[in-house]
Amino acid sequence: MLWLNPFALFALALVAAPILIHILIRRRAEPFPFPTLRFLQPTRLAAIRRHVLEDIALLAVRIALLAATVAALAGPLFVTAARRQAWDRRIVRAVVVDDSNADLNVARPFEGRDRGAKSPAPQANSLAPHLQNTFEATSLTDGIRRAILWLDTAPPARRELVVASVFPIGSIAQADLSVIPDDIGVRFERTGTLPGTRTVAAGRLLTSGGVRAREVTLAGAQTSVRDAAVGDPMVWPIDVVSSKAEQPAIDAAVAAVLSQRVWAAPPDRRARLVLVEPTVVVQPAEPTVVVQAFMPAIVAHPSTPAVAQALPRDVAPEAGVSPGTGVAQAFRPAIIDGLSDVSPVRHAWIADAVARIAGDRELRDAAAGVAAGLSDARLAAAPWQILASAADGRPLAVAAESANRLVVASAARASDVTTPLLLRAIANAIAVVPDLQHAEVVSIADALLRQWSRPSTPPASPRIETVDHDDRRWLWLAALCLLGLEMRIRRARPVDASQEHHEETAHVA
Amino acid sequence: MKAGPPPECPPAILAQIADLELVARIIVEGLVSGLHRSPFHGYSAEFSQYRHYRPGDDLKHVDWKLVARTDRVYTKQFRETTNMASALVLDTSRSMNFPTAGLKSRAVSVGPLTKFRYAVIAAAALAHLISRQGDAIGLLAGERFLAPRAGRQHLRGLLAGLASLTASGGWSAADNVRRASERLKRRGLLFVLSDLYDEEERTLAELRRAARTGHEVVLLQILSREEIELPYRRDLEFTDLESGRSLAINASLARREYQDAVAAFLERWRSRAGAEGFQYSLIITDTPPNRALRNVLLARVTK
Numbered sequence: 001m002l003w004l005n006p007f008a009l010f011a012l013a014l015v016a017a018p019i020l021i022h023i024l025i026r027r028r029a030e031p032f033p034f035p036t037l038r039f040l041q042p043t044r045l046a047a048i049r050r051h052v053l054e055d056i057a058l059l060a061v062r063i064a065l066l067a068a069t070v071a072a073l074a075g076p077l078f079v080t081a082a083r084r085q086a087w088d089r090r091i092v093r094a095v096v097v098d099d100s101n102a103d104l105n106v107a108r109p110f111e112g113r114d115r116g117a118k119s120p121a122p123q124a125n126s127l128a129p130h131l132q133n134t135f136e137a138t139s140l141t142d143g144i145r146r147a148i149l150w151l152d153t154a155p156p157a158r159r160e161l162v163v164a165s166v167f168p169i170g171s172i173a174q175a176d177l178s179v180i181p182d183d184i185g186v187r188f189e190r191t192g193t194l195p196g197t198r199t200v201a202a203g204r205l206l207t208s209g210g211v212r213a214r215e216v217t218l219a220g221a222q223t224s225v226r227d228a229a230v231g232d233p234m235v236w237p238i239d240v241v242s243s244k245a246e247q248p249a250i251d252a253a254v255a256a257v258l259s260q261r262v263w264a265a266p267p268d269r270r271a272r273l274v275l276v277e278p279t280v281v282v283q284p285a286e287p288t289v290v291v292q293a294f295m296p297a298i299v300a301h302p303s304t305p306a307v308a309q310a311l312p313r314d315v316a317p318e319a320g321v322s323p324g325t326g327v328a329q330a331f332r333p334a335i336i337d338g339l340s341d342v343s344p345v346r347h348a349w350i351a352d353a354v355a356r357i358a359g360d361r362e363l364r365d366a367a368a369g370v371a372a373g374l375s376d377a378r379l380a381a382a383p384w385q386i387l388a389s390a391a392d393g394r395p396l397a398v399a400a401e402s403a404n405r406l407v408v409a410s411a412a413r414a415s416d417v418t419t420p421l422l423l424r425a426i427a428n429a430i431a432v433v434p435d436l437q438h439a440e441v442v443s444i445a446d447a448l449l450r451q452w453s454r455p456s457t458p459p460a461s462p463r464i465e466t467v468d469h470d471d472r473r474w475l476w477l478a479a480l481c482l483l484g485l486e487m488r489i490r491r492a493r494p495v496d497a498s499q500e501h502h503e504e505t506a507h508v509a
Numbered sequence: 510m511k512a513g514p515p516p517e518c519p520p521a522i523l524a525q526i527a528d529l530e531l532v533a534r535i536i537v538e539g540l541v542s543g544l545h546r547s548p549f550h551g552y553s554a555e556f557s558q559y560r561h562y563r564p565g566d567d568l569k570h571v572d573w574k575l576v577a578r579t580d581r582v583y584t585k586q587f588r589e590t591t592n593m594a595s596a597l598v599l600d601t602s603r604s605m606n607f608p609t610a611g612l613k614s615r616a617v618s619v620g621p622l623t624k625f626r627y628a629v630i631a632a633a634a635l636a637h638l639i640s641r642q643g644d645a646i647g648l649l650a651g652e653r654f655l656a657p658r659a660g661r662q663h664l665r666g667l668l669a670g671l672a673s674l675t676a677s678g679g680w681s682a683a684d685n686v687r688r689a690s691e692r693l694k695r696r697g698l699l700f701v702l703s704d705l706y707d708e709e710e711r712t713l714a715e716l717r718r719a720a721r722t723g724h725e726v727v728l729l730q731i732l733s734r735e736e737i738e739l740p741y742r743r744d745l746e747f748t749d750l751e752s753g754r755s756l757a758i759n760a761s762l763a764r765r766e767y768q769d770a771v772a773a774f775l776e777r778w779r780s781r782a783g784a785e786g787f788q789y790s791l792i793i794t795d796t797p798p799n800r801a802l803r804n805v806l807l808a809r810v811t812k
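Going down the list, the sequences are from chains A and B. Numbered as in our numbering, the first sequence ends at 509 without a single skipped number. Numbered as in our numbering, the second sequence ends at 812 without a single skipped number.
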């Protein structure tokens, strides 16, 4: 027997209440007019024996009433053989429908069977609504995860997971199925067939020759890629802030990146790269403000007002001075505020870009060759996130978010090879890399799907939170009957007293 | 065909009838129909008529000469010519007011039939019966005294007097017996209706004295079932209805000794009354009055 709310059983301590009441009850000797006392002999009063339980029947009924009430509150579940058989006969099913190939006009699982005369799986149609749920997902992995979560809360029954898809290669793998508990049966329903060939757009590229659109044609095991020039204006998504002297090097770095082709970013995804010189100047009068200087002179690529907007308000492009002289006077705290006006990453695409940049092995290798990293300790702490580290162990490039854009601060010089690698990594990271998985034309073999299929096992002992029917109604019924019996006994007591020609008065001592 | 016993009216119902004359008539109607001869003997009787013998008739009234002449059995009927004087001595002490009205009990929600009420009903029935025979009947109940007289008018006055009585204050059986025997001018019948809880020796002495003066004494000791059996179980503080003294005891524990004492008390009265030649009857209030009086009268007839 299971208890759905076992903590309620602590209330069984309440049965002590009627016992105590029956023990402590004291019946007062009631004045009773009588014709004569001549035949009465003094006796001890029964009140001194009050520790003896009286009205055993009433006490037993009251204890049983309390026990039944507490047990009903505790929610009993009698796991009988019949109930186990009923659970075993019942099926709870989660259907995961792959929506990634909606353009193929594939059949919906079970829907056709509901409408059609041919019904090879009648049990699929006879399930109650609360025993079946459909999860539509563009990723079968995600759909399976959601289906498992739902099955985990389903009532006790045989559990079955049906995956309905065209099953292109890569849509599901053994690793996706390994998360499914062993007692859940797995079945695969192929809902259509993939086309023999398919040509899909595969994003846009920024090249030194302008913007090019890429097209991918998948034909069986062969894949061909074709790029074509489009007339769209070139929009370089990264603003670079550096000293004016670094401009040629920056231009060269950007040209190098474009020659390698990078993915074009959507218009709402922008980044800013601030090249910081690792000059440390300590101002005795303001020791807490300026510990790192960067050159306020602007090199804009492209040299547009957008770059000027990226600058701190109170920093004029002409304010630059040569490093090493009067740095403390030239770079006011507001300059540092321009970099400090950052926040933790909130946008998913920025977080994704940070992760992808940090995962660029070429960038990491090149950064390791740079002698010194960022000397400002604030740039090594939150909200900044380290993208690559220099040879001295300090971060060379860090990233954060500022005004819905990605901000990267780097200690590498523009002429260093690290800078073009960083620019390439940023450009590819903020772009949307086309996913050609949905365009796949080769499907997973039926034999493999059969190998992955398995029947469901009989349900084990149910978890209390998943039980849909319990047996508390019987105990409530018993409690009601006992309540009626208790009232009947209590009402019968005055009748007994009438035979004694007095009514007892009781109170708790 | 043998006639069945007369219908009996439960005491609880009789207690609800306020009209005492009606109650008395109900009882007496059921009473005399079962009796074949008068329970009250006059001192002389004159021949009235013959009638056919019926089973149960006293054989001493069979006219054997007529049997010899006619081969038919006739019995002689006489008309009592001598009036009998009777007096009802009724106990009006508080102890007769039991079971007490107002007890919190469902069973007594219609009002209990107290010993006193039962005694009043019995006295009324006796008065009605005696008056119906043309005999004189009187009443002595506490301060109220009605000299024995015959006649319907007197009966009504007596019944009205009975109806107005209450059981309150003290009452001395010995004093009332003495007063009643003194008021009866000639030999008569003395009915004493009481629980006889008062001084036994003095009461017995007065009864003996009344008997010596020629009166016939009929003792009707009226008790309730509860005061014989003490059926209570709880702790009770018993309060004497007359003295007001109280005693808190457990009734269950006291029951056995109480019953023994009461049994000895009743046996003492029964044996002493028998020894003195009194007619003694113990009447328990749960007995229908006509049955109780019938037993009393049958005992007189077969005496």
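Just so you know, the hints here were simulated from the structure itself, not pulled from any lab data. Glycine is no exception: its CB is placed at the ideal position from the N, C-alpha and C atoms. Check each hint, because a few of them may be wrong.
[As the list claims (entries may be wrong)] Distance windows between CB atoms, simulated:
hint, chain 1, residue 1, chain 2, residue 2, range
1, B, 791, A, 474, 38 to 48 Å
2, B, 526, A, 11, 27 to 37 Å
3, A, 21, B, 754, 55 to 65 Å
4, A, 60, B, 738, 27 to 37 Å
5, B, 684, A, 492, 44 to 54 Å
Verification of the hints:
no.: 1; hint: B:791 with A:474: 38 to 48 Å; in the structure: violated, 59 Å
no.: 2; hint: B:526 with A:11: 27 to 37 Å; in the structure: violated, 58 Å
no.: 3; hint: A:21 with B:754: 55 to 65 Å; in the structure: violated, 35 Å
no.: 4; hint: A:60 with B:738: 27 to 37 Å; in the structure: holds, 30 Å
no.: 5; hint: B:684 with A:492: 44 to 54 Å; in the structure: holds, 48 Å
Violated hints, listed in ascending order, are 1, 2 and 3; each of the other numbered hints is respected by the structure.
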